[in-house]
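Student: Read off the chains here:
Number of protein chains: 2
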Amino acid sequence: MRLALLGGTGDIGEGLALRWARDTDHEVLIGSRDPEKAREAADAYLETLADHDADGTIKGFANEMAADRADVAVLAVPPYHVGDTVDAVAGKLDADTILVTPAVGMKGDEDGLHYHPPGTGSVTALVAERAPEAVPVVGAFHNLAAGKLATLQADLGVDTLVVGDDPDAKATVSRLAEEIEGLRALDAGPIANATEVESVTPLVINIARYNDEMHDVGVRFD
Amino acid sequence: MRLALLGGTGDIGEGLALRWARDTDHEVLIGSRDPEKAREAADAYLETLADHDADGTIKGFANEMAADRADVAVLAVPPYHVGDTVDAVAGKLDADTILVTPAVGMKGDEDGLHYHPPGTGSVTALVAERAPEAVPVVGAFHNLAAGKLATLQADLGVDTLVVGDDPDAKATVSRLAEEIEGLRALDAGPIANATEVESVTPLVINIARYNDEMHDVGVRFD
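Going down the list, the sequences are from chains Z and B. Sequential numbering of the first sequence, starting at 281, is according to the numbering used here. Sequential numbering of the second sequence, starting at 281, is according to the numbering used here.
Rather than coming from a laboratory, the hints here were simulated on the basis of the structure. Do not rely on the hints blindly, as some may be mistaken.
Partner residues aside, some chain Z positions facing chain B, computed with beta carbon under 8 angstroms [said to hold, decoys possible]:
id: 1; residue: ASP303
id: 2; residue: MET345
id: 3; residue: GLY385
id: 4; residue: GLY388
id: 5; residue: GLU476
So the derived label-pair ranges between C-beta atoms look like this [claimed, not checked]:
id: 6; chain 1: B; residue 1: TYR360; chain 2: Z; residue 2: ASP376; range: 44 to 50 angstroms
id: 7; chain 1: B; residue 1: GLU459; chain 2: Z; residue 2: LYS387; range: 34 to 40 angstroms
id: 8; chain 1: B; residue 1: GLU459; chain 2: Z; residue 2: GLU316; range: 42 to 48 angstroms
id: 9; chain 1: B; residue 1: GLU461; chain 2: Z; residue 2: GLU320; range: 34 to 40 angstroms
id: 10; chain 1: B; residue 1: ASP389; chain 2: Z; residue 2: ASP374; range: 28 to 34 angstroms
Once the Cα atoms are required to be at most 20 angstroms apart in a straight line, the calculated EDC-like pairs of lysine to aspartate or glutamate come out as [what the hints assert, rightly or not]:
id: 11; chain 1: B; residue 1: LYS428; chain 2: B; residue 2: ASP391
id: 12; chain 1: B; residue 1: LYS428; chain 2: Z; residue 2: ASP502
id: 13; chain 1: Z; residue 1: LYS339; chain 2: Z; residue 2: GLU316
id: 14; chain 1: Z; residue 1: LYS428; chain 2: B; residue 2: GLU344
id: 15; chain 1: B; residue 1: LYS428; chain 2: B; residue 2: GLU344
id: 16; chain 1: Z; residue 1: LYS372; chain 2: Z; residue 2: GLU327
The beta carbon of each residue, even a glycine, is placed where N, CA and C say it ideally should be.
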């Protein structure tokens with residue numbers, strides 16, 4: 281499969297690119313608004329893989345081109361760029377491209393980070409509203425510590441929660457998640473349940489802040 | 281210490297009563313609006329302990345009396361009774377009684393359970409607003425599966441998140457939590473961070489619903 285990371289020059293994009301390239305045979309496409317930046321990131325990720333005696337296929341493209349080629353496109357952009365990025369690639373998406381959203385709206389104050397969803401109730405619901413109707417939308421990879429994900433020697437041992445209204449698309453994304461070593465995918469139901477999934481992200485960041493010796497906090501459900 | 285479970289005839293109250301009685305030397309006080317019901321529950325819990333070759337001290341009282349005697353009082357009541365219960369026992373509380381709130385406001389629909397906090401932003405904030413000003417309020421024990429907690433042969437192996445604005449009260453409640461075998465307490469910051477803690481409760485229930493062979497789902501952060 282071809283897996284596009286739109287905005288894949290950022291931290292969550294880097295981690296997913298490195299892990300998918302190392303742990304699977306899928307082709308990883310880094311997307312950026314600037315294709316030159318995407319190509320530079322792809323080259324840097326390949327070097328990181330080589331440093332870990334690993335390899336894989338990673339190429340850089342403009343976001344639109346990456347989306348056009350992709351079977352699965354991950355919106356690896358900050359929450360305030362999610363809507364614009366969907367609009368920018370909408371013409372390249374169809375029923376055969378699964379759109380995946382890991383972004384979470386948050387606001388910080390002196391106490392910590394707080395969940396701050398858009399008016400639609402969740403970023404996942406926003407993506408479902410903005411994407412062309414035929415495109416299956418799945419929420420996943422929200423609660424992964426980006427730093428740990430991009431540190432290839434780190435064992436993950438964490439869960440990711442998957443939400444979506446299209447069972448086949450959800451199954452595909454869950455499978456792709458579990459092809460990453462140490463990552464388990466759990467079903468959290470339809471997009472209507474995305475709010476409770478997304479709000480774990482500020483929580484894990486608050487836990488890392490308030491507990492000594494906890495960094496890059498992930499979550500497991502048992 | 282004397283630990284009161286106000287509304288301790290319900291499921292979360294039963295689990296905490298059984299575990300604290302078995303795992304610690306603290307005196308457990310079951311509170312109920314009806315003291316006769318509280319005494320019956322206390323007797324039943326002692327029988328359950330005996331069935332597991334364990335013992336402990338558990339006594340039943342009216343909520344007001346339990347609160348009056350307690351060093352720590354847990355509001356083990358449904359979220360819509362939290363305010364009333366605080367009002368009922370307010371005259372018995374002072375700076376030496378820690379008030380602990382595990383309740384979470386939720387609403388269900390066909391998709392699952394959704395977090396539904398009161399206007400204060402969280403049940404924990406509601407309790408802090410309604411309790412006499414000197415009384416330290418701590419949020420904890422939100423995300424424990426009540427059925428598993430009350431099943432003494434079940435290994436917990438889960439975390440509970442603790443929020444509060446009074447560091448000493450928070451430390452006491454964290455210590456009490458960790459005296460329960462298999463339970464780890466993590467600091468999630470001040471009461472302002474309770475929203476993200478409470479909203480994990482509908483999430484773990486949704487995960488139990490959507491994943492085969494997952495029941496009584498708890499959470500661990502690593």
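Student: Next, verify each hint and record whether it holds.
Tutor: Results for each hint:
At a threshold of 8 angstroms, the smallest CB-CB gap from ASP303(Z) to chain B is about 20 angstroms, leaving the interface hint violated. Nearest Cβ of chain B to the Cβ of MET345(Z): about 35 angstroms, over the 8 angstroms cut. The hint is violated. A cut of 8 angstroms between beta carbons decides the hint on GLY385(Z): the least distance to chain B is about 13 angstroms, and the hint is violated. Because the smallest distance between the Cβ of GLY388(Z) and any Cβ of chain B comes to about 11 angstroms, over 8 angstroms, the interface hint for this residue is violated.
A least Cβ separation of about 4 angstroms between GLU476(Z) and chain B falls short of the 8 angstroms threshold, and the interface hint therefore holds. The hint said 44 to 50 angstroms for the Cβ distance between TYR360(B) and ASP376(Z), and at roughly 47 angstroms that hint holds. Between GLU459(B) and LYS387(Z), the C-beta spacing of about 36 angstroms keeps the proposed range 34 to 40 angstroms intact. At about 59 angstroms, the CB distance of GLU459(B) to GLU316(Z) disagrees with the hint of 42 to 48 angstroms.
Evaluation of the 34 to 40 angstroms hint for GLU461(B) and GLU320(Z) yields a failure: the beta carbon distance comes to about 53 angstroms. Judged by the Cβ atoms, the range 28 to 34 angstroms given for ASP389(B) and ASP374(Z) holds: they are separated by roughly 31 angstroms. Restraint check for LYS428(B) and ASP391(B): not satisfied, since their Cα atoms lie roughly 24 angstroms apart, outside the 20 angstroms limit. Between LYS428(B) and ASP502(Z) the CA atoms are separated by roughly 11 angstroms; this keeps the pair inside 20 angstroms, and the hint holds.
Using a Cα cut-off of 20 angstroms, the hinted pair LYS339(Z) and GLU316(Z) holds, with the two alpha carbons roughly 11 angstroms apart. Restraint check: the Cα-Cα separation between LYS428(Z) and GLU344(B) comes to about 49 angstroms, which exceeds 20 angstroms; the hinted pair is violated. About 28 angstroms separates the Cα atoms of LYS428(B) and GLU344(B), which puts this hinted pair outside 20 angstroms; it is violated. A hinted pair counts as satisfied when its Cα atoms are at most 20 angstroms apart, and LYS372(Z) with GLU327(Z) does not qualify at roughly 30 angstroms.
This entry does not satisfy hints 1, 2, 3, 4, 8, 9, 11, 14, 15 and 16, going by the numbered hints stated previously.
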